[in-house]
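For this one, chain A is given, so just place chain B on it according to the hints.
Here's the letter readout for the chains.
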Amino acid sequence: MSGSASVAAARPGGPPAARAAALDLSPAGGAAPWWRRTLRQGSFEARIALRNGEQLLLTLVLPVLVLVAAVRTTSLDLGDGDRPALALAGVLAVAVVSTAFTGQAIATGFDRRNGVLRLLATTPLGRPGLVVGKVLAVLLLVAVQVVVLGLVGLAVGWRPQLPPVLAAVPAVLLGVAAFTALGLLLAGTVRAEGTLAIANFVWVLLLAGGGLVLPSPLAPVTDLLPSGALGGALRAALADGAVAPWPLLVLAVWAALATAACARWFRWE
Amino acid sequence: MASPLPSPVTATTAPAVLVEDLRKSYGSTRVLDGLTFAAAPGRVTALLGPNGAGKTTTVACCEGLQRADSGRLRVLGLDPVADAAALRPRVGVMLQDGGLPTGVGALEALRHVAGLHSAPLPVDALAERLGLTSFARTRVRRLSGGQRQRLAMACALVGRPELVFLDEPSAGLDPQARLAVWDVVREARSSGVAVVLTTHLMEEAERLADDVVVIDAGRVVAQGTPEALTRGPAVLTFVARPGLPTESLRLALPVDADVVEGEPGHYAVLGIPADPRVAATVTSWCATHDVLPEGLGAQRRTLEDVFLDLTGRSLR
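Residue numbers (the numbering used here), protein chains in the order written: chain A, 1 to 269; chain B, 1001 to 1316.
None of these hints come from the bench; they were simulated from the model. There could be a bad hint or two in this list.
What follows is a list of derived Cβ distance ranges for each label pair [what the hints assert, rightly or not]:
1. A/Arg47 / B/Gly1052: 16 to 24 Å
2. B/Thr1302 / A/Glu54: 51 to 59 Å
3. A/Arg36 / B/Thr1029: 40 to 48 Å
All C-beta atoms, glycine included, are put in the ideal place defined by N, C-alpha and C.
Extracted from the complex, chain B is given alone in its bound form:
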């Protein structure tokens, strides 16, 4: 599942984004609570978390659109607010709400953004690559959500940035368009661009990201490559009717075991590796409760599982 294309990054590579102990509150609501992570050039870093976790606020601080209350923040080695003028030509931004001018044609908007740069990508080639040509002259306000997403992505890339921030880049895209967008992201990465994207889609993080930063309630709860995050022995899982007395099953298992019902009817035995004895115990416990466990077997951990273990909450 994980991306097979890790880019060579040496220990001496300066991070494109460095966030240390970032804190921000709106009134009494704490949005960022000591967030720390780094994003490297030539890699895709995914900020993964549920809605409201603080992903967009983090990115907005990195873009210089918002100020954090405290903490250290360096973007391409510079301060996003104080050095904004120097950073703007070097950083591409795709906002979650688009922010495209609505009264012009799609390519006219893209040409306008291109014209603000000194050496932009050829607009027609970029438009073809992201599939914008079929609606090139359509007014932005008449575009579908997916069309706007692709146009916004083109606007983020057209200035040939060293670093791009993509806020929920594949929201509203059909599977075909999503693959096209992912391919362009991978292409940017292999050209040495640092890509920082936010997502609440597990699949996007697992398939696209080199580094995943799992965020919940304004804090980093885990980070690493998708492989590292999901490493570990397989665990036993099965499907049965929802609401089984998991505490009773736990007592039948070895002491380290824990039984969770992540989604209704989907059970996992955590804390101990899956083995034949665990399977036998689960089967006999099910028999005494008149339950037929379906799909009983050993499963590798997914990012979803990791997230669930860390936060106790389902991501999607």
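Just chain A, with the same shape it has in the complex:
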């Protein structure tokens, strides 16, 4: 500690604690390297999400329950093929939407309302770092979901092989890209309470009839939705070990459109 603070610290009138500890406040402002800033932001947001009970229910507990139920009951028509693999594919699709879209949109919406986005934009993180950090947080959380759901899948009879697992990687990544951008678009254009309601409502809609868990009876329509494309791509990957180009293209187009819309319409405050 330098003595530069001693003048003020010795002033009478402050509470005892204030006079006790001197700080060297002399300017030395500098930014941590960008990769460290964004990694920190990503792990910070992921930690917050993992501690949020409601969000854990949405991102882990419900997908696990759906996975077990889908494998154990025979009343649901999952399509033709290995039942545990089809169930896991559908539940992974739900998990991606829960984290990248619903959870992320709600968190971002309230951060925006509470001024967190404003404050972090003034730190060395800046707005670009904030966005990259959010994407990293989603990827970290999805990785946790993949591990947990994979283990539960093993427990209920899924027998993994390398080609199907590798084929699922681009589907998960493009799904994360599309739904993260859509979640940000929602959070950045609608007020926080509206985001909360819409994000949850859309989650339920997509779960029920969006082609996420089950192949949709309205396939021509849902195949063009990011939900149907993600569910389809994951089912093709995990059940058939196939990379399905058409659903992946649909996801890529949604990701590009939603990112462009974010750049155009996202309001920081």
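For chain B alone, coordinates are given in the frame of chain A:
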């Protein structure tokens, strides 16, 4: 009343903040109307004005969070929007609405902000200094307003900035915490940091600021040191029942005199210095109106008075 610790600032010191003819409107509402001021390193500059005067908008423009419609704005010699990436590590910000992440513990939030910087202050020492240790692990959303204020202040300072913007830093603080915050602000100043704060509290401006910029309706109505702003002869003041016919008293006084009732029942004779003849005139006028003037005497001008004279409105 004024701060006894003016820091040495030479004429060659480049201003930390330079605002010239700043204008901004929201729709048809003009928020900034040709605002001009400068803030120097090693000094505390207070933007003083009532709510809605444009203080927060001014600071938001300086922080690069908003763009002005026109005018010139330099922060540490740079453009707050175009050079934002270069400025962010060097400028600390405390927002009026806090903006702290709510789902983490108090010190976890502070550690996070510290980790975004290359050479931050030691978090534990800063926390102790601002009295954060008693609620270190409490989630931010459960903190009281005053606790959040102190945490936000710590977040603004932790990166060792050259310039800090503190928007209403002592709002919601109890007197003890306010003194602790003021001490840290003075400490930052004596370390050479430029401090720009907004306040609507006269006492804060008078006791903490080296330079006061009085803002009303998006314009600077006066600026200078607290001493310079309140300089001038003492004026006669008294307290009586509200609603006296001040025009009648004015006519009894010399021509330059003006009588104002700033707050109900609080009267001041402006425009002429207080002297025994003025006191005698006021006393005899009161006698003819069956009024007992209490606390009749000569008073030095306060910032509040200056503000009232300039705007005709009470600040608090």
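Quick rundown of the hints versus the structure:
1. A/Arg47 / B/Gly1052: 16 to 24 Å: Roughly 39 Å apart at Cβ, these two residues miss the hinted range, so it is violated.
2. B/Thr1302 / A/Glu54: 51 to 59 Å: holds, 52 Å
3. A/Arg36 / B/Thr1029: 40 to 48 Å: For A/Arg36 and B/Thr1029 the Cβ distance comes to about 42 Å; the hint holds.
When held up to the earlier numbered hints, the structure conflicts with hint 1 and nothing else.
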